[in-house]
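Engineer: Here is how the chains run, residue by residue.
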Amino acid sequence: MNDSFSIVGKKVFRQDAYAKVTGQAKFADDINFPGQLFAVMVRIASAHAKIKSIDYSEVINDSRLIKIIDHSNIPGNKLVGPIRNDQPIFCFDKVVTPGDVICMLIGENVDDLNKLKRKVKIDFEELPVLNDPLKSLEENSPLIHPEFENNLIIHYPLRKGNIEKGFADSDYIIEQTYRTAFVEHAYIEPEAVIAIPQETPNSVKIVGSIQNPFTCRKVVASVLNYPLANVRVIQAELGGSFGGKDDTMNILSARAAIGAMITGRPVKIKYTREESILESYKRHPYILNYKVGAKADGKITAMKIDIIADGGAYSSMSPFVTWRSVVQATGPYEIENVQTDVRAVYTNNPYTGAMRGFGSPQPIFAVESIMDELAIKLNITPDEIRRRNCFTSGSFTASGQKLEKHDVNLIKVLDTAVQKSGFKEKWIKYHSLQEFKSLEHKNLSFNDADSLILKEQDYLNNQNYLRKGIGLAVSYRGCSLGAEGIDAAAAYLSLQNDGSLFLLCGLSENGQGLRTTLSIVAAEVLGLTLDKIIYLDQDTSLIPDSGPTVASRATLMGGGAVKNAAVEIRNRLEKLLVDEWNLAGDAVFTFANDKVKYFGGGAKEISFNELCALAYKKGISLSAMGWYKGPDVHWNEETGQGSAYFTYVYGCQVAEVTLNMATGEVFIDNLIAVHNPGRVINLLGAEGQVYGGVTQGAGYALWEEINSEKGFIKELNFDQYLIPTAKDVGKIKPYFIEGRDIYGPWGAKSLGEPTLELTAAAIANAVRNAAGKRFFNLPLNLEEIFLGKKLKAESLNRGSA
Amino acid sequence: MKIKVSFILNGLQVTVETEAHRRLLDLLRDDLNLTGTKEGCAIGECGACTVVMNKLAVNSCLVLAGQIDGAEIITIEGLMKNGALHSLQQKFIEKGAVQCGFCTPGMIMSAYALLLSNKNPDEEEIKEAIAGNLCRCTGYKQIIEAIADSEI
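Chains as they are written, first to last, in the numbering used here: chain A, 1 to 801; chain B, 802 to 953.
Excised from the complex, chain B in its bound form:
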């Protein structure tokens, strides 16, 4: 069954017609060609598909199309403003927080959601915020440094 959903995506109003059982992750990647959001496990364990929905970090593999009507969604592609990197993106580069980069978009979106609710998180708060984002390359240390150094 097809449904029509309207939502704000990276600041722009979007309407898509889709099968009701499809995931937000599929809409972003397949229908809207926003492939910055990654699929790593499809069961909400790895966090590679994290996007910010109504100011909260969510696993887009666990959100169905029907749940996003009227929502405000921000993906990694929506973080830059006027061609400039967001502070989080800049600090991830400077601190060496990126290796293979597959977890990076989800990691940054979890950090972005944290900063939306807590401008000056301490180390434990940062670790808690990204505990649902698995990274196999970096050991997280430089990621934590990058987030601690970022501003919203």
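So here's chain A without its partners, still in its complex pose:
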């Protein structure tokens, strides 16, 4: 850490915390407009059906109804999507998953509208339901979207070296198949949005729980057939997103906007938790087949990977999510011969899209599991197999990219985690204790032979059944969007003539702490104290399109833009002082604590507010727009070769668990997370990212699962969908290893997603270490461990049956 920073890297309180602890922060549903109406959605209970007719006759004349809106009211695009336009705002010919919406009713009272929506008569014909992506790929499978020739959304091949030769050269080969589940973002704030018609004709304002206002604007404008400038999207305080308030919110915003333009009044849509889970997209379930060949010394010679991602009913972000998977699927290992195929497939399941990790948690779970299996086979420790294969400076990735121009410090990260956790000794000890025995239940005293209900002495006094385990996982992660998209961001800084500043960025505060991070960047350059900075709400009409706030790119890209703007203003101020104080052009100043000082011959000092007043008086501009563009990257779609991302971060997590052999319960005692985020800007926020990411990762590892029963979701609320509570995860300890990088503000890169992507893999390896047996299917819940299979609910009704 560079000690010359005045504020970067310190523990800084959040800019927005005061509003949030006092209840004053305004989330979307806290905001109302005069004359506001509400809209409720109408769906049918089918996962795949042809719509034959819609009959509004029983509601059309009801005084409680102001307007019915369906596809016939859409002036512009009826189908939207980030890559492929396959998702209808309102369904018109088919329903392809139960979350689909056919029409919406607008009125003054939600309770009344909910009664009326049952009177809309929709006649439909059931079509065959596809729930298994492998079946969707079969030759004569019914087509979910008949406008495309098959159910394949995308296929990414990657070819490096000679895979046959690689396996022929190996001494050992392991081949295994892993599976992961649908996972819900479970932001605590359900979706809400209000569309407000503006005084200018054909223009609308959107205020909502929107993660990516610019993407939202693009969708709304295309649906209304308006120019982009006629749609103004303002982000309300966002109550969590994790990638989840993107497509869903864009579509909800478009629906509200149509309603507002047709009624001429503000229209609010507010989802219940059940509607939120029903309609919003999930994290992709993956089926991952890995085949690894290695020499007796542990050096990997070949890796063959076949991944099928369930894209659900719409393509959404599947092409980008699975692209990150194909880039990172081998893990951070230098392997000469690689063959990877990743396919995303349509089914009638809930659709899947962006969620924290974005195509990385699934392959990391698989590759890090199989690396441990390889270590065990070769009789070396898991850290050692990684040390013998992992990236170092100058290594080539699976896509043939040379890792250079940044600290490739994975070994340092790994060694720190191993040392801080005492990994090696513990792993060897627990491993030798288990002697590779499978779980055996024969000593348990079941109440009767057919029941798995334990007797009291087994679940209350079960010390004999507790086993310890330790496991680790490592990863590398491409920062920002990579070759999947345009990568640039804007920030606007406006100093006032009293030295106060307002700051606006085209990226979003999603709860992660961006306001504070970017304020720190501005404060560091200008030597301001944070209380002088006002951070303005994101508004698409006030700042250039900066792309989405995703891919752990906001600190890197937004921070780069803020720094550029701040440096530009500082340069002007320095030039002014050179003139005022008659200094040489290369005079060096310090900007700190609201003062500017010059230490050359005859020290001089001016307070920052006096300097701003002086600049203002001299007619010097005190504001600047900063722009930060990532370097060019490229990708060959046929071979999967190219410079996928312009820089990478590295991480290692070690989990220590207690496994109850009698119940299958796993408790996480300790989790050590070592990350290289480039540079830490706000230590308090960085630690918060680790605690939060690890806890979400623990949920992914052990509990969280959306079951699709012929497309229908049972877990529609938090009574069934279990996310970690305060009692569920033991100690978490973050460590940061900083590394030099030429990009971002002072080399700051990514942290949000790296913290989550490793946790399930580390926990799975710890469970393996404790149990002496590998478990292949996330989540590692009680039945997976105790029975070796997942239990499926027999009905969609609420309750524990």
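In short, the hints are calculated from the structure, not lab data.
Predicted, not measured: the structure shown is a model, and the values here were computed from it.
Worth double-checking, as some hints may not be accurate.
[As the list claims (entries may be wrong)] DSS-like, lysine-lysine: derived pairs with alpha carbons at most 25 Å apart:
(1) Lys-299/A / Lys-165/A
(2) Lys-426/A / Lys-468/A
(3) Lys-928/B / Lys-731/A
(4) Lys-710/A / Lys-52/A
(5) Lys-856/B / Lys-727/A
(6) Lys-52/A / Lys-115/A
(7) Lys-412/A / Lys-424/A
(8) Lys-67/A / Lys-94/A
(9) Lys-94/A / Lys-426/A
(10) Lys-67/A / Lys-135/A
(11) Lys-727/A / Lys-928/B
(12) Lys-426/A / Lys-731/A
(13) Lys-803/B / Lys-115/A
(14) Lys-731/A / Lys-920/B
(15) Lys-595/A / Lys-532/A
(16) Lys-299/A / Lys-121/A
(17) Lys-468/A / Lys-928/B
(18) Lys-67/A / Lys-424/A
(19) Lys-714/A / Lys-117/A
(20) Lys-882/B / Lys-26/A
(21) Lys-117/A / Lys-50/A
(22) Lys-920/B / Lys-727/A
(23) Lys-117/A / Lys-52/A
(24) Lys-731/A / Lys-468/A
(25) Lys-135/A / Lys-731/A
(26) Lys-733/A / Lys-928/B
(27) Lys-135/A / Lys-50/A
[What the hints assert, rightly or not] To be clear about the criterion: a stretch of chain A counts as covered by chain B if any three or more of its residues have a C-beta under 8 Å from a C-beta of chain B, and this derived list gives those stretches:
(28) 13-24
(29) 511-524
(30) 680-688
(31) 708-719
(32) 722-728
Positions of the beta carbon are idealized from the N, C-alpha and C atoms, including for glycine.
Since the structure of chain A is already known, use the hints to place chain B on it.
Structural biologist: Relative to chain A, chain B alone:
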């Protein structure tokens, strides 16, 4: 059917006329414009709507208007005294216990109810007190630290 209920809200006597089936959460947010109390699940699982009623933490989505007559209710808006933050609010800021902030009001009210009955809770008691308040951002660690450091 409309009923009239009187209760003490954040130290002030309040009387409202409302449909009997409405929830305390709706009264607070819609009728009294106290939007600091949030709705996250509407079935008493997430704790975002937690308020303190007669010194106990309750999910205001599970309390009907008819149940609050004569009660004393404190919401997040009632914690500040004379313009100063309550110790819990201050410690939540200092410890980094706030990220998106949607669970924060409910979390603080559960912690407040805990401190009313237990001035020096240990870590397990804190975890138990907030086990009904879901947070998806923070992993709870800094929240637990903040509560442990707070005074009533």
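Engineer: Next, verify each hint and record whether it holds.
Structural biologist: Here is how each hint holds up against the structure:
1. Lys-299/A / Lys-165/A: Holds: Lys-299/A and Lys-165/A sit about 15 Å apart, inside 25 Å.
2. Lys-426/A / Lys-468/A: holds, 9 Å
3. Lys-928/B / Lys-731/A: holds, 13 Å
4. Lys-710/A / Lys-52/A: Answer holds: Lys-710/A to Lys-52/A is near 21 Å, not above 25 Å.
5. Lys-856/B / Lys-727/A: holds, 23 Å
6. Lys-52/A / Lys-115/A: holds, 23 Å
7. Lys-412/A / Lys-424/A: holds, 16 Å
8. Lys-67/A / Lys-94/A: Holds. Lys-67/A to Lys-94/A sits at ~23 Å (cutoff 25 Å).
9. Lys-94/A / Lys-426/A: violated, 56 Å
10. Lys-67/A / Lys-135/A: violated, 41 Å
11. Lys-727/A / Lys-928/B: holds, 6 Å
12. Lys-426/A / Lys-731/A: Between Lys-426/A and Lys-731/A the Cα gap is close to 17 Å, so the pair holds against 25 Å.
13. Lys-803/B / Lys-115/A: holds, 20 Å
14. Lys-731/A / Lys-920/B: holds, 24 Å
15. Lys-595/A / Lys-532/A: Holds: Lys-595/A and Lys-532/A sit about 13 Å apart, inside 25 Å.
16. Lys-299/A / Lys-121/A: Roughly 64 Å separates the two Cα atoms, so the pair is violated.
17. Lys-468/A / Lys-928/B: Roughly 23 Å separates the two Cα atoms, so the pair holds.
18. Lys-67/A / Lys-424/A: Cα-Cα ~67 Å, so violated.
19. Lys-714/A / Lys-117/A: Within the cut-off at roughly 22 Å; holds.
20. Lys-882/B / Lys-26/A: Holds, because 21 Å separates the two Cα atoms, which is no more than 25 Å.
21. Lys-117/A / Lys-50/A: holds, 20 Å
22. Lys-920/B / Lys-727/A: holds, 20 Å
23. Lys-117/A / Lys-52/A: It holds: about 18 Å lies between the C-alpha atoms, which stays within 25 Å.
24. Lys-731/A / Lys-468/A: Roughly 15 Å between the alpha carbons, so the hint for Lys-731/A and Lys-468/A holds.
25. Lys-135/A / Lys-731/A: violated, 43 Å
26. Lys-733/A / Lys-928/B: holds, 18 Å
27. Lys-135/A / Lys-50/A: Answer holds: Lys-135/A to Lys-50/A is near 21 Å, not above 25 Å.
28. 13-24: holds (count 11)
29. 511-524: holds (count 3)
30. 680-688: Three-residue rule met by the segment 680-688 of chain A, so holds; n is 4.
31. 708-719: n = 3 at 8 Å, threshold three: holds.
32. 722-728: Coverage by chain B holds for the segment 722-728 of chain A (5 residues, Cβ < 8 Å).
Hint check: violations occur at hints 9, 10, 16, 18, 25; the rest are consistent with the structure.
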